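With the hints as constraints, model all of the structure from the sequences given.
So the protein sequences, as listed, match chains G and D.
First residue of the first sequence: 2, per the working numbering; consecutive thereafter.
First residue of the second sequence: 690, per the working numbering; consecutive thereafter.
Since the hints were made in silico from the structure, they are not lab data.
Source: prediction; values computed, not measured.
One should not assume that every hint holds.
[To be verified] Calculated lysine-lysine pairs in the BS3-like style (CA-CA distance at most 30 angstroms, straight line):
no., chain 1, residue 1, chain 2, residue 2
1, G, K149, G, K99
2, G, K6, D, K1015
3, G, K43, D, K1024
4, D, K956, G, K66
5, D, K824, G, K15
[To be verified] Which chain D residues stay away from chain G? Per the calculated CB distances, all over 10 angstroms, these:
no., residue
6, E699
7, T777
8, G833
9, I910
10, Y932
11, I1009
12, E1020
13, E1040
14, N1043
15, L1093
[Unchecked claim] Below, a sample of chain D positions facing chain G; criterion: calculated Cβ distance under 7 angstroms:
no., residue
16, I704
17, E814
18, G847
19, P936
20, I1013
21, R1091
Virtual Cβ for every residue (Gly too), placed ideally from N, Cα, C.
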Amino acid sequence: MANYKDIINSLQDKQGGIIEAFHALQREYNYIPEEAITEAAKVFGVSQAQAYGVATFYSYLSVEKRGKYIIRMCESAPCHVAGADAVIRAIEKHLGIKVGETTADGKFTLELTECVGQCQATPVITVNSEPVFNVSAVKVPEILSAYK
Amino acid sequence: MAEEMRLLLEHADKIDPRQAEDYIKVGGYKGLEKARQMNRKDLIQEVKSSGLRGRGGAGFNAGMKWSFVPPAPVKYVVCNLDEGEPGTYKDRIICEKNAQALLEGMAICGTAIESKQGYIYCRGEYPFVVELLNKAIQSAKAVGALGDFDIEVRMGAGAYVCGEETALIESIEGHRGEPRFKPPFPGVAGLWGVPTVVNNVETFAALPYILTKGAEWYASIGAPKYPGTKVLTLTGDVNNPTYFEVPTNYLLKDVIYKLGGGIKNGKKFKAVQVGGTSGAFIPEQNLNTSIDFDSMGAIGAALGSGAVLVLDETRDIVDIVTRISKFFEHESCGKCNPCREGTFRCREIMEKINAGRATEADINNILLLAKVMKRAALCGLGQAAPIPITSTIEHFGHEYRRKLLQYA
Ligand SMILES: Cc1cc2nc3c(=O)[nH]c(=O)nc-3n(C[C@H](O)[C@H](O)[C@H](O)COP(=O)(O)O)c2cc1C
Ligand code: SF4
Ligand code: FES
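Structural data, given as structure tokens:
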């Protein structure tokens, strides 16, 4: 795994690049570790409180440890009318966790999201940002079995 | 499809959007060439007289916006690819089918306002579009198509409010995406305090065609006061939920029944929400309306992003609006009180109504709250948040009253 300091330093010349740095950290760790926030604050010349404020403002960023695969269920109106609620319940049941939780083996985290811009094939989930289309409750076990 | 008029999407799936050469083969970068030979005043005048109005929702004349930019040593061109409005994916489609037109459009704007640096702010949910755009930029730079104009892609991170232009600028600067007070407008003091033009993807991508085919030609397409084409994304209970590019005088009923193939499963139409989740719900009697900005405004609706959500007769409007009120509570940035508190209360009252625990007094309260939010919220998010509620109380009031306690 790349060192968080190297990740942050590689972006230090980008004006206002702290959000880019957070993205790069998340690509590596799936969340932003606390020591990385402290480091990013130093490198981008903002207070630690400000850096934390940025990291927690955006729903795509997480300051809490998450699983290997982050499942996000879209619940915006088009996905809602297409049956998003039933899909959430099916995922919760299949994984034995509630929204916001991570499975005990650290494999899956389940989150809710607003529209991910793939509304041609509702309901939509994303797994580590890859969209999965036309999801239904019955398809959930098969879809998730693809993630090892 | 014969009903469509494809301008931005004419070569969709026939050219590789990453490759500048592909685009050049179908006439690409000719508009920029022409723009560079014009004097700046004439160029801005050309865009102004084409009648091109912003496709991001506010409908402001693009050339006019550019004409307000004062002289300054450094200026920026910013493309809004935040596309957070639920039900909308047209900017993604434009990038995936014709990214080079967006780059060319930004460079045309750069020529007009004398800017050498562009930024594309792409929503965090589209990492694959960021990748595509970076390749497209590399390719355009490699063949020299962009000249000395540079473009950098920055990523958003899941905040709807960052589509608001000043919040977007805050976000590029590396801050929390909270809207700024206006004025000053970004055209005068935007990114890092310097003059900045912010336009939507679709606005930029129309520019090459305006330059090559002429302002007069563009102005003659579609609705005279909002000319050109519009890319729509159709969702909900229709047979054909996909994207379309149509002239702006296309009728809403034709969007649903011709392009959309009508209501799914032989059911009847109940309502359509145009413009995304902040749009008004429109009843059947208003379907015979052209989709352009002003015609939509005249029926109390908005074209917005061009999202069209169709609901069939079995749908529970109050339940859907309750879900929408959660969206706004979640996405409110919290900077101003009317919206932070207002979206919270809207959601609370909507849940009460939806659960069958409300009375007529709650409806009156939410209508009053809506008025306050419309007038007092700092940005468009808080101002528009009550529209789905007020428009459905107006047109589908019986669905609300059906859920009320019988005068407890
Ligand atoms: C809450 C909110 C969200 C917005 N989201 C977007 C968006 O996703 N894309 C966009 O182009 N404009 C969005 N806008 C409008 C922008 O503030 C701005 O008017 C637009 O980018 C200007 O470009 P245009 O003139 O080409 O439309 C939003 C406005 C508000 C208030
Ligand atoms: S209206 Fe809402 S989103 Fe806009 S600034 Fe106020 S709190 Fe933030
Ligand atoms: S509404 Fe779910 S992807 Fe757009």
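Hints, one by one, checked against the model:
no. : hint            : result
1   : G:K149 / G:K99  : holds, 20 angstroms
2   : G:K6 / D:K1015  : violated, 38 angstroms
3   : G:K43 / D:K1024 : holds, 26 angstroms
4   : D:K956 / G:K66  : violated, 46 angstroms
5   : D:K824 / G:K15  : holds, 19 angstroms
6   : E699            : holds, 20 angstroms
7   : T777            : violated, 7 angstroms
8   : G833            : holds, 25 angstroms
9   : I910            : holds, 26 angstroms
10  : Y932            : violated, 7 angstroms
11  : I1009           : violated, 6 angstroms
12  : E1020           : violated, 7 angstroms
13  : E1040           : holds, 14 angstroms
14  : N1043           : holds, 13 angstroms
15  : L1093           : holds, 23 angstroms
16  : I704            : violated, 21 angstroms
17  : E814            : holds, 5 angstroms
18  : G847            : holds, 3 angstroms
19  : P936            : violated, 22 angstroms
20  : I1013           : holds, 6 angstroms
21  : R1091           : violated, 19 angstroms
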